[in-house]
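Undergrad: Sequence:
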Amino acid sequence: MRNLLAILLLLATFTCKASDVSPIPERHRQINVLSYDFTIDLNDVNDEIRGTAKILLQLAEATDSIRFDLKSVNNGKGMTILGLKAGGKPVPFLHRNDLITLSSAGGKKNDTTLIEITYKGVPGDGLIISKNKYGHRCFFADNWPNRARNWIPCNDHPSDKATVSFQVNAPADYSVIANGELVSDEKDSSGRRITRWQEKNEIPTKVMVIGVADFAVGDAGRVDDIPVSSWVYPEERDNGFYDYGQAALILPWFIGKLGPYPFTKLANVQSKTIFGGMENAGCIFYHEQSVDGKRTSENLLVHEIAHQWFGNSVTERDWAHLWLSEGFATYLTDAWVEMQHGQQAARTLLAKQRAEVIDFHQQQPGRPVIDSMETNYLKLLNANSYQKGGWVLHMLRLKIGEKAFWEGIADYYQRYRGKNAGTGDLQKVMENHAGIALGDFFDQWLRQPDFPNLEVRWKSTPGGLSITVHQLQNTLMKFPLRIAISGAGGTTHVNIPIDSRKVDEEFRLPYIPTSVTIDPDTELLGVWKTTPVK
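For the sequence shown, this note's numbering assigns the number 536 to the last residue and increments by one with no breaks.
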């Protein structure tokens, strides 16, 4: 039986992984960037930046040409290339429609070459140059999903991860935060501040960033020798240090649950991100209203810290699998709430998230969690990727048990740390820990758009209760339905296996039932209508 199960698991995994593979565009998959080294010059006179990008790459397949993403100039915004070299020599290039094409810089598979690009321009997006809420000028990168191309030349796709260094040359009054470790911070002969950060872990372009502003910087402590710091506007120094200092209390829980923290620091930064929070690797940017001195952004911090493991270190191989980032961060926040504030608080949060999934489904009923049809990736920031993805993990935890779930999640992290993964990769790991095939589970919750829509009718009988459950949604689904049957004699909880359109069950009880509650413990993603029959 064990060998048969292993064969079944292998076949199930192969099938699901094949269906998960969405084609990565050829221009993204042809090259494997090994490292980026950016020098960015900023000024206070205007919004023009000047940059130099040194890109070390390996050809993933034989090709005649190499292409990078970089926004072309349009209505005064975008980048102009001043020079381009491959292997130290100038080469012809074409910069059109937001693509740089080097038509004579290709070669054989596994060939490596160093590309050097000098450029200038005014970013239309990606690098937000503006004033903060106190009227002070600041610069914040905000790359998600593929907006890095607005200010740095790159292979702007999550499947191509690389190390990155940033040298920022800025007026002396600014402080600079970026990914990785601080290499140097000094002033040149003209008094400008030259700051260099280096990230030695491979990360996707979506989380390669700089933040340049007048910051108050606070030390929040060390966790497993990882420095935790707070970078906030000076006007909110005390409140910001207090609020963001909570990160040092959150980090140990994640390390205990998931495994070693993947980066060399955790900086928490008040910023001008367009999102509530942006999980940039090792330096999280939070929206500038996130500080209030009351730690009301606790769940936001938890969510973004979770991304350091899932999203930054283990990165979805394509946008269609975004739930592996956002669903994980959502459910790990739920798990934190359960640990920190109790089971009922977690159930309340899960019920709220369930309502958000239902509302989204009513508006856009045909969209599965794994959505390979959407090309506007900002539209993937929806209740499917976040709340439904989180609910899938919640139901998986209930299905396979605490031990298999948490050991499986930690194993998934260890196997794909610093790499890319798809949904099929997660499924395979979880099957190994659960000892059962999970293909049907993953298919029904992630690869088709429905969730249970139930009509439940029940009737008191002389010896107990009879109940009929109808599935009304388009796709037949299989799941356990937990109900609570109450009466003068107490409350009884029972599980009903739902595996067909109509399920009839009878239960013997020592009392006359007066009410039936569906899903009393918040364990099922679905909707239902319950009707007593006389």
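Check each hint, because a few of them may be wrong.
[To be verified] The calculated label-pair distances, taken between Cβ atoms and stated as ranges, are:
1. 419 - 183: 16 to 26 angstroms
2. 177 - 495: 52 to 62 angstroms
3. 194 - 408: 47 to 57 angstroms
4. 478 - 122: 55 to 65 angstroms
[Unchecked claim] Here are the simulated lysine to aspartate or glutamate pairs, DMTMM-like style, with alpha carbons at most 25 angstroms apart:
5. 274 - 240
6. 133 - 28
7. 381 - 358
8. 381 - 290
Calculated from the structure, these hints are not laboratory results.
No residue lacks a Cβ here, since even glycine has one placed at the ideal position from N, Cα and C.
Undergrad: Against each hint, give a clear statement of whether it holds in the structure.
TA: Status of the hints after comparison with the structure:
One distance hint, 16 to 26 angstroms for the beta-carbon pair residue 419 and residue 183, holds here, with the actual separation near 19 angstroms. The hinted range of 52 to 62 angstroms is satisfied by residue 177 and residue 495, whose Cβ atoms lie roughly 56 angstroms apart. Taking 47 to 57 angstroms as the suggested C-beta distance range, the pair residue 194 and residue 408 conforms, at roughly 50 angstroms. About 59 angstroms separates the C-beta atoms of residue 478 and residue 122, a value consistent with the hinted range of 55 to 65 angstroms.
With a C-alpha separation of about 19 angstroms, the suggested pairing of residue 274 with residue 240 holds against the 25 angstroms cut-off. A C-alpha spacing of about 39 angstroms is found between residue 133 and residue 28, which places the hinted pair above 25 angstroms, so the restraint is violated. Annotation: proposed proximity of residue 381 to residue 358 holds, straight-line Cα distance about 15 angstroms (limit 25 angstroms). Between the alpha carbons of residue 381 and residue 290 the distance comes to roughly 23 angstroms, so the proposed pair stays at or under 25 angstroms and holds.
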